Structure formats: structure tokens, C-alpha cells
Amino acid sequence: MSELSVDHLLGIKYLNKEDINLIFETADHFKEVINRPIKKVPSLRDITIANLFFENSTRTRLSFELAEKRLSADVINFSAASSSVKKGETLIDTVNNILSMKVDMVVMRHPNPGAGVFLSKHVNASIVNAGDGAHEHPTQALLDSYSIREKLGEVKGKKVVIVGDVLHSRVALSNIFALKLQGAEVKVCGPKTLIPKYIEKLGVQVETDLRKALEWCDVANMLRVQNERMEISYFPSTREYTQQFGVNKKLLDSLDKEIIIMHPGPINRGVEITSDVADSNQAIILDQVQNGVAVRMAVIYLLASKIKQ
Amino acid sequence: MSQKLLLSAKEIDIILHRLACQLIENHTHFKDTVLIGIQPRGAFLANRIKSILIEKYQVQEINLGYLDITFYRDDFRRGEKILEANKTHIDFVVEDKRIVFIDDVLYTGRSIRAALTAMQSFGRPQEIELLTLIDRRFSRHLPIQPNYRGRQVDAINKEKVKVLWTENDNEDAVYLIGS
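Respectively, the protein sequence lines represent chains R and Y. Residue numbers for the first sequence follow the working numbering, beginning at 1 and rising by one. Residue numbers for the second sequence follow the working numbering, beginning at 1001 and rising by one.
To be clear, the hints were calculated from the coordinates, so they are not data collected in a lab. Keep in mind the model is a prediction, meaning the values are calculated, not measured. What you were told as hints is all true, and nothing was included just to trick you.
Subject to a maximum C-alpha distance of 30 Å in a straight line, what follows is the list of computed DSS-like cross-link-like pairs (lysine-lysine): (1) R:LYS13 / Y:LYS1081; (2) Y:LYS1087 / R:LYS180; (3) Y:LYS1081 / Y:LYS1162; (4) R:LYS121 / Y:LYS1081.
Partial pick of chain Y residues on the chain R-facing surface, computed with a CB cut under 10 Å: (5) ARG1077; (6) ARG1078; (7) ASN1086; (8) HIS1089; (9) ILE1090; (10) SER1121; (11) GLY1123.
Each residue gets a CB set at the ideal place from its N, CA and C atoms; glycine is no exception.
Only chain R is shown next, with the shape it has when bound in the complex (with noise of 0.2 Å):
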């Protein structure tokens, strides 16, 4: 077995087609261990992690939470809401001031692009992007990818959808990486006013029709409307968007195959998807979340083992 090429994990965009074989390969690993009656193994029992919230979360932060506990991580957690970031400090002096604690490892959300390549060329620790801004959300690209290997054996040669809110997704963009990296082919779908300009550039193709769009694809990975990062508006009414780009069972039932449909939650049931979908056995979104832990504890048993003792 290998190593990662990478100190951090900031984004897909830095790794190589091996580090993901290897995540995942260690992840079968673990999806093992939190499935025995006793879910933890000792292995980072002298590692301590923080985790860094300065933008809210609830499954990403229980996710990486309970990763880091199945390790035996010793856990921090911070949010911004009630911190001194609220008085004034800096994000450096704020994860410095971490760190004299001894901290080893920092998972970070930031509303902020680049907030964690920033960190980790300023502090002395292995940084994780847990999302920042529009920007990457590396794990939750490799726990989607993991998700589909796991439903169709591979994700090399297959043709999944990424349809919504693109413009503003930072789940887009890690899984364009992701998928592209893997071999797989990628097309979007959504308003125009929410595809991002120059997008073909990544290597995908665009799509404004959903229906053609769910003809062509083996998987359909629906986003979130995000309206709070919306300043003005990119649709007429959310009663249209769903019209035009919300999946319903009845559109699943009326195409000539049985497509998978994935979702990076939280949903807006009956905006992107229908409660019928989201519930039904086409959908893989619970088993997304499951092996968002196992993931998780690969991707930081992985970069633990570079940490120099």
C-alpha cells in the first residue's frame, strides 16, 4: 500500500487518481469496522483533531465527528457563531491559538474559497476542507463517488448527471473533479442562469433538459437550491424551477431504465426532489451519509500516518 501524495486534503483538484483507489480502498476497510458490534479501532489515539465550523453544518460536522471518534481522535469542536471571530480574530490567530494546544489535525468549513489552502500555508498541521465556499467539498465528492462504485461496481465509464444549482455548489465542482479523474462522463443540468460560464472547460457538458438529460445518465446527483447564497434572482419562482428541474417518480417511471438518484442533503423535499423519490429504492441518499463515516476515517487514518511523530 501507498501513501497519499498530499499533507492536507484541500481539494480533489490536488490529488492523483491513486490517492482515490487508495481512499477507497481503505475506506472498505473501515465501512468493515462500523459495521461490528464494537464500531472503533485505537489506531489515532495519540492524534487530536478540531474541528473548525465557520459556517453551519450538522451531517458534514457529525460525519467528520464520528469518524475522528471511531479512530480514537481526540475531538475539539468549534463553531464560529460562538467564538472570538464574532470580537475580531483573525483566522490565522484564531487556529494558531488552536493549535498551541496541541492540535494535530484541522477540519475546517469556511465561507471563504480557498480558506483552507490559506490555513495550510500559515499553520503547522494537516488541514481537511470541509467546504469552503463555492469553492470544494473534497469528502463529500469521494463519499458520492465511493457511493456509486458501491451501487454499480465502478465509476469508471459511467455517465452521471449533476443537476440545479451549479453556480453556487461547491458538491458540483469537487465531483466534476472527482468523477472526471475516474474516468467517468459528466454532463450538468439546471437553469442557465445557474451554469456556470465556461464550464465546458472542466470537461463536461451542459444540459437544459432535464427529461434528455435522465435518458442519458446511469446517475442523477440532485442539488440543493441554496437560496442563502443567492443575492438576487436566478429563477422566476421555485414553483418553476420544480416544474422544469425537480424529479418526480413519475418522470423516474416514465424513462426506459432504472437510473440512481443521489442527493448531498439537506433536501428541500418538493423543490429538487419529490418526498416519493427521495424515499424510494432508487434513491441512495441514506447509504451516502453511512459511507460518508467510512470515508471520512480513510481520508484521516490516511493523512495521520504523515503526521511525523
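Based on the hints, put chain Y in the right spot on chain R.
Chain Y only, in chain R's frame:
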């Protein structure tokens, strides 16, 4: 690098039969007994012991599992070598069972210490025994001894004992490899 043959295929075969008989002596019908091969190289020995028990001594059914100890080792981040994980496959309940750990070489005892910790994750067995083909005595770091041993070997720390299996290395043999 010098290499000395410690055990030939014939000698290994005789020893495996003796170890199988010693297991039968203590476990009779193997109803409550499970064999656990320690990954990676204990798995080959465990497979051999199981097939001898079934084919030569008509033991009806034996549970055999494989345990990977990578995540329980005490040298994570402490050595140059990168630890490589293997599959753990234990598809039966170990609660109240009599477990026999099977590994090819017992050296410092640290792997077995890790295996004992790992086993706790699966439940509370009634007892755990240890079977090894090669026992490198005088080199233990921990108070761990085998219940069933194939051959005792006195090797100095710089030397290596390598156990080869036909299914993996094209021959059955045990070599002492000098520095």
C-alpha cells in the same frame, strides 16, 4: 545475504498434522471452537490446518475467520514502513466461543497483543489460545506464549524467519535469512 533452510515441505507437513492432532485433543468436535487466522500470513496456515482437520481427521465443520490487526497496531506513525490493511472476515458470533489464533511466526508478541485488542470488538470469547508454526523464543517484548507451537527457533534480532506457502510462494518451506 545468507539463507538457511529451517523446515522442508516434508517437515512442515508432519508438523501441521501434529498441530492438528493437538487441537483435536483439546477441542474434540470443534463445536464451540473457532479458528482465526491473523492477516496476512497467518491466513495460509489457518487454511492448511482447517483442511487437514476436515480431510484427514473427519472433523465435520469448523468456523474459520481472518482478522486484520492493522488499525490496532502500536507502531502507527512510528516506523518507516507504511502499514497495509487486509480484509477482516469473521461472519460468525464469537461470544462465548473458544478461539484459536493462528499465525505463522511468533516474534515480539506485539501482533498478538494487537489481535487480542481487535478481538474485543467482536464480543467476549470464552478463551483465546495461540497456535504458531515458528516460535522465536528469547525475542519476546510482551508476556505472550503459544499454546501450540510447531518449531522453536533461536534467531538473533537481525535475522528474519520467512515462512513460504505453495499457494502464495510456490513452495512450502521455512528459511532463516541472515543479515
